[in-house]
Every structure is written in C-alpha cells, then in structure tokens.
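Line by line, the protein sequences give chains A and B.
Going by the working numbering, the first residue of the first sequence is number 1, and it counts up by one from there.
Going by the working numbering, the first residue of the second sequence is number 178, and it counts up by one from there.
In case anyone wonders, no lab produced these hints; they're calculated from the structure.
Don't take every hint at face value.
[As the list claims (entries may be wrong)] Some, not all, of what chain A presents toward chain B, calculated at C-beta under 7 Å:
(1) I15
(2) G46
(3) L89
(4) E139
(5) F140
(6) R147
(7) A156
Ideal Cβ placement from N, Cα and C applies to all residues, glycine included.
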Amino acid sequence: MPGSRVDEGAARADIELRVNGVGHDLSVEPRVTLLDALRERLGFWGTKKGCDQGQCGACTVHVDGRGVLACLMLAYQAAGHEVTTVEGLAGVDGTLHPVQSAFMKHDGFQCGYCTPGQIMSAVACIREGHAGSDADVREFMSGNICRCGAYPNIVAAVREAAQREAAQEEAAGRARR
Amino acid sequence: MRAVEYTRADTLDAAVALLQGDSSAAPLGGGTTLVDLMKCGVAHPSRLIDLTQMPGHDDVEAGESVLRIGALCRMSDVAEHPEVRRRWPAVSEALLRGASQQLRNMATIGGNLMQRTRCGYFRDPSFTECNKRDPGSGCAAMDGENRGHAVLGTSGSCIATNPGDLAVALTAFDAAVHILGPDGHRVLSIDEFFPLPGETPEREHPLGHAELITAVEVPVSAAAAHSCYLKVRDRVSYEFAAASAAVGLEVLADGTIADARVALGGVATKPWREPGVEAALIGRPASAAVFREAAALAAADAHPRRHNAYKVELARRTVERALLTVSG
Ligand SMILES: Cc1cc2nc3c(=O)[nH]c(=O)nc-3n(C[C@H](O)[C@H](O)[C@H](O)COP(=O)(O)OP(=O)(O)OC[C@H]3O[C@@H](n4cnc5c(N)ncnc54)[C@H](O)[C@@H]3O)c2cc1C
Ligand code: FES
Ligand code: FES
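Extracted from the complex, chain B is given alone in its bound form:
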C-alpha cells in the first residue's frame, strides 16, 4: 500500500471543503472497499478524509411517508432496525445477506452504494486490460474468466457486475440519494445514481470529486411492506450473488395484484429494475402461474458471454421464487 495521509472531518461540510482542496483525497467510510483496494494497488488516494468519527448522519428515521437512512449508518444497524424490518423487509434482508457481520458492523450506507465491482481483472493490476481501472486499455473479462460477470446492461467496454445487494432493494422501491457538494445539496433517483457503463465504465456514479452522499430515502409503500430479498449464491452465506431479486407485491383482498416491484442483482452492470415483469403482474391474480409467466420476462435482452449464460435462467427462477415467497 502506498503512503497516505489521514484526516478526521468534524462535519460533512468540512469534509466537502477538504476534498475540494485536494484532488486526490478520498472520503473514507468503513474502509471495507477502499482500504481493500488500496492494498490491492487499485486505489491510490493521497489523503483519506474519515467521515465516520463525526457526530450525526447515523440515524434511521422511519416516518409516515419515507424511510431516511443517514449515510454514516452501519449496515448492521440498519438491517436490524425494527421499523426497517417491518415496513421495508427487502431492505433489511438485502443488508443481512451482504458480506459478514464484521463487515456490516464496519461498512456505512454511503460507502455501500459506492462499493466497486468484484471483477477479478479490475481488482488485480497485474492484468493490464481493464477499462474501468485504466480507460482505453481493454476488457480482459470479455473473453476471460467471466462466470460472475454481467449479462444485462453490458457494453463493448465492460461487463463488470455491480455487486451490491442493498442497491437492488433500493432500486425496487424507488429510493433517492441525497448528495452534498461544493454547490450545495441535490437529490438523484437511485436509477440516475447508477449509470450504464457504455463507453465510460470508469464512471460508476455521477458524483463529483467533492460530493458526498448524506442520506438515502425510501418511500413508504404497500409493496415495500410486503417484500423480500432472495439471494442465490455459490455458498449459503458470505458470498456475492450469482443472482438475486428484490420483490414487493401489493395484493388486494380479491387476490388481484395492485402493485409489483421487481429488481435484479448479481446479473447486471447496475441494479436492474424489471418494468416488463412488473407490468405482467399488475392487474392479474397473484397465482403461481402468473408469477411464472411474468418471471419468464426477466433478463430480456441478456448478452451472455462464455461462462455466464446460466445467469439468465437463474435470474428468472430467482424472481419466480421470490414472488412465491412474498405472496405465501
């Protein structure tokens, strides 16, 4: 690891100012992505601005119309918050299925949304080809070991999977990301927060250098209250998703689906909402046959590579099982 300096910021405003003054400084949350990538030789900040030692921004407020999660909340605290569990179970489950308890105790919500891909070629600088790490250098994953890589949202430049779990649940339930920067406060929808790789896979989010996530907000909805997060992986726990689904259903007394939310994880370059699947559910009876039919529409336009074609069928079955789970 290269030498680095370390500063504790007392407020988010102070952190923004510190970042503005140093173009190679980086904010530090729990460090579970950043310290790791510094050790791998992928990240080389000159200075770390530790956000986690300041008071505030670590509250979960479950209000009448919205859930507000401070950016400095730890994953484990949000996962176990009783109101999150009751009214946004998919959010709690997505957090609990991520990483390990030690990592969840360290990792912040802001850092979680900013986590980098687990693509082995990105994480290992001894591979010279990686458009994310070194724009224009190529993509070793295209014809390399790509079993874990994305089948949706890929481009000719990059097929790296977005590995996050929380972001999938946030995508299903229309979360907003609150941002503070030199020009003040702005809000992005979770969809805007994760651009497609296109020709610029090195840009994983629209934040400027001195912009910080301050909070995440998730609206109250009946679908969020009847939701689940299903994560399928190579081992039962402590593993990234081979495929995952955040699913929520609002079902009327007569059994008709009034609202449906479906998003996929582990298979795409960004958390992947499935409006086609949702449309095939809404207005129809909540039955196993309808679930199967709708789930079959997931992962349309998939572009599998040599080792990851299994993800297409796996994603559909994951959606179907999640729908059965949440309605059962």
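With the rest of the complex left out, here is chain A:
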C-alpha cells in the first residue's frame, strides 16, 4: 500500500495525540498518517484502512468533532486537536452509542469492514443536521463506500438513530421547561 511503507532517514520529533480524551506521546516521522499512527502505534484498530487514498471512508474519525479521513491527514496535523475514533463512542460502562445500537438493530453491515467509518460518519451526519431525509443521509454519507452493499440498512439505521436523538432532545427540552 502506498502510504504504509516507511523509509528511514527523516528527523524524528515528538507530538502529543489526544485520542478519545486521553493524551498519547508519540515519536513518529512527519510523513506518518493519522491512520497509521492510530493503528500501528497506538493500537486503535477500529479505524480501518481500505483504499489509503481518500476514496472509501473506512478510515473516518472525528477531529474536533468533525468527520475527516485519517488516511489523508498526517498525525502532525492532528496534534493538539481532539481525535475521536469508534472506540471512543461507547460509554465507559460499555453502553453502545445509539448509532451503534441502531446499526445492530438494522443489520447495517455484512462483513463489517466499512462499519466503523460508517458509524463515525453517521454520528457526524446526525450532529450536523444532515439526517432529515434518506436522500440527505445518502448524500452526506456518500464518502463511505460499502462493498457489501448494506446501504439500505445503513440508511435505515442512521434515520432511526437521528429520530431517536431528536425525540430525546425534545423530551429533555420539555423536562427542563
């Protein structure tokens, strides 16, 4: 794979990468992508490497709350920012994130390889208010390719999670009033 070969010879320097709320000191070369740093150095294997060229979305993580492709971002670019991976979504007690539960309920996957990226995109898609219709979900998640073609179930899962979140917010709003 083009990005994974690491030649010797460049200066090494230290960066701090904050992942799921925890800081990690890292000795990596500037050419190392955020994806390789997460997977090869820090053991966050939930983030997948598909194409390694920005074309499939398997490597989607959040940086400062927004979906980005970890394969086209250098770890140095992410230093000092908050990185969230799929491992950071569930509660400390293991309670799944509502989007994760919705993917399970709707069978939003077959082989599961694209799933962490799909879920990270779905969480961002809902948060940014782009999950109001099936067409919107399809458009704003088009950067996540699923070779198994689980798209109809993915859309159903995202729509349900979005509706639940909206209902919960409304209930919380009523409770406050």
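Please build the complex by placing chain B with the ligands on the supplied structure of chain A, with the hints as guidance.
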C-alpha cells in the same frame, strides 16, 4: 512516501518567509491533494508548511458588493454559509457536489483552487509519459484511456481535465484571487489564475514558489443570486464531473434576459467560461427554445479524442438543463 519535515506557520507572512527559505518546501492546506500525491510518489516536498493551524483567514464575509472567502476556510463551512447559499447558490452547490463531507471538512479554499488533475497517467509515476509531471516526456493520455479527459483548451502537450467544481462557479461570476508573496499583495482574475496548458502544462497557475492564496472574492450580482451548479457524473455523489455547468440568469419582469453567466467544468483544461452562450441569451426571452439554441453553442471548437467525444453533447445538455433549472 518520502521523508518530509513539518512546520506550522503562525501567520501567512511567516509562511511566505519559510517558503522563500526553502525551494522545495510546499504549503499545506487540508492535505487532501498534497498528501495524496506524496503517497502516489508524484509530489516530493522536503518540508510542509502547515497553514491551517494559524488564527484568521477562515472567515466568510458576505458584504454589500462582494463575497470574501478566506483561503483557510474549509469547503464545508463555505458551502453551508447561509449568505453564500442565498446570494451565491452556485458557489454553495459547487462546493457541496465536490468530494465527500469528510474531504470538505478537511480541504481549504486555497488548496481547492490549487488541486491537481485526476489524470491517471499524471497520478501514476509508473507511466513515464506525462508532460505535466515530467516536462518533455510526452502525454500517455493522447492515445490512451482518455474518457475523462478534456475536449476544450487542450494542446498537443496535454489533455488533462481541470477537475475542480468550485472554480467553475467562481469563473462564471468573475471571482478574483488574492495573493501574498515576497513582493507583497497582488490580485488575479480567476481567468488569469488558470492558464491554458499550451506547451507548458506543468505550469497550472501563475503563482511563484513563495506565493500564497489569501482569499477569493466574488462580486455581488443578480445573476449570481439566481444561479445553480449542475454536475453530471458516473454516480450520483462522490465523483468528479463528466460535465458540469455553473449558470446564472438575471431576468427582467417582462421575461427578457438582462445578464447571463455560463461556465463549464469537467470538460476542459481550465474552468471554461462560455461568452458565446451568454451573448446568445442576453436580450432574448427566457424560454426553453432560447435556452436550447444558446446551449447548442457551448463547447464550440471542441477537440475530442478517442473516448471522450460524448462530453461535447453532454456539456450542451448540461448547460440547457441548468438554464431550465435556474429559470424554473
Ligand atoms: C477522493 C477525492 C475526491 C474528490 N472529489 C472532488 C470533487 O468531486 N470535486 C472537487 O472539486 N474536488 C474534489 N476533490 C479534490 C479536493 O477538493 C481537493 O483535494 C481539495 O480541495 C484540496 O484542498 P486542500 O486544502 O486539502 O489542499 P492541499 O492538499 O493541502 O494543497 C493542494 C495544493 O495547494 C497548495 N496550497 C494549499 N494551500 C495553499 C494556499 N493558501 N496558497 C497557495 N497554495 C496552496 C499545496 O501546496 C498543494 O500543492 C477530491 C479529492 C479526493 C481525495
Ligand atoms: S482508507 Fe481512508 S478513505 Fe479509504
Ligand atoms: S459491510 Fe462489508 S464493506 Fe460494508
């Protein structure tokens, strides 16, 4: 990927100075073109000067006479800006139809204008012929797989398509590109910013090594406020244009077209303004018949190669449908 060094610039002036001091350094925006090309083995900067960690240059100001977009704005933020949507819808739509939400969250406006062609021969150094990558080596696309290549603005040296969407909308609405360099500030029209390939396809823009885009400005106009961007492609989303059109119309109360803007994407070596189509619209009634007649003038002087002749008719139909959309 070859070894590279990384520096964060605190200001654009500092970035210019850093670039001046290192002839093989490159500015880094979101990295969605540059990091990709470094991985492909096409770009080999010695040092990356990260522009995105500095404060400022990431504002959208929609003023009385002009829209000013800072070079460090992310594509997604500009696309969703309420004033851009309302007063320059083609600009918003061109951004939204580009790449994916993840890439739009990463990519900057400055980097977007500087994106490189998606020509497969350019992106893969195992092909030795590419005048853009290696001047004088030839062009493998001429008689190769050229379904996605340009039919307009081509030369004997290069037929690579300019793949950008935003630049097409900027071209239709007479944008200006603001530049900072060692000699200070200068402004280029969007047309000057994208030269034709001619005999020097390796020169894709007139920027010097240490020059940076600081902002893009788009004038206010009635045509921009009644505009759209139509992108036709092999799949519904997340794909480069087979053909696209940015179109804007100012139509008077009696139905006469007072101003028309038409630019094409996905079919040319640069964002392609269509003054002939515009002239055939202005002063005439905004009707389907007039739209069809005018759109038929698009892509005149096209030079198709073996696999891309379909783009000529597709470009005309894209213009026609965009005109119908924006007037409907
Ligand atoms: C899978 C994929 C699909 C895509 N689909 C589309 C699409 O459909 N439509 C579309 O329009 N685009 C598309 N793109 C391209 C994308 O829009 C560009 O990669 C992006 O806009 C580049 O911005 P950036 O900030 O990431 O640039 P970078 O990669 O950081 O930089 C690009 C170039 O510009 C230089 N540069 C950066 N900032 C400045 C500056 N301020 N001044 C001067 N030089 C600068 C860099 O040195 C580099 O040479 C796609 C990209 C990918 C990977
Ligand atoms: S691995 Fe990053 S987009 Fe495919
Ligand atoms: S579930 Fe197999 S690739 Fe999506």
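Hint check: 7 Å Cβ-Cβ cutoff, A/L89 to chain B: 17 Å, violated
Hint check: is the beta carbon of A/F140 less than 7 Å from a beta carbon of chain B? The hint holds - A/F140 has a Cβ within 7 Å of chain B, the shortest such distance being about 5 Å.
Under 7 Å is the threshold here; is the Cβ of A/I15 close enough to any Cβ of chain B for the hint to stand? 9 Å, violated
Does A/R147 meet its interface restraint, that is, does its C-beta lie within less than 7 Å of any C-beta in chain B? Result: violated, 14 Å to nearest chain B Cβ.
Does A/A156 meet its interface restraint, that is, does its C-beta lie within less than 7 Å of any C-beta in chain B? 19 Å, violated
Can you verify the interface hint for A/E139: is its Cβ closer than 7 Å to any Cβ in chain B? 6 Å, holds
Would the hint on A/G46 stand, with a C-beta cut-off of 7 Å toward chain B? 16 Å, violated
Consistency with the previously given hints fails for numbers 1, 2, 3, 6 and 7, ordered from lowest to highest.
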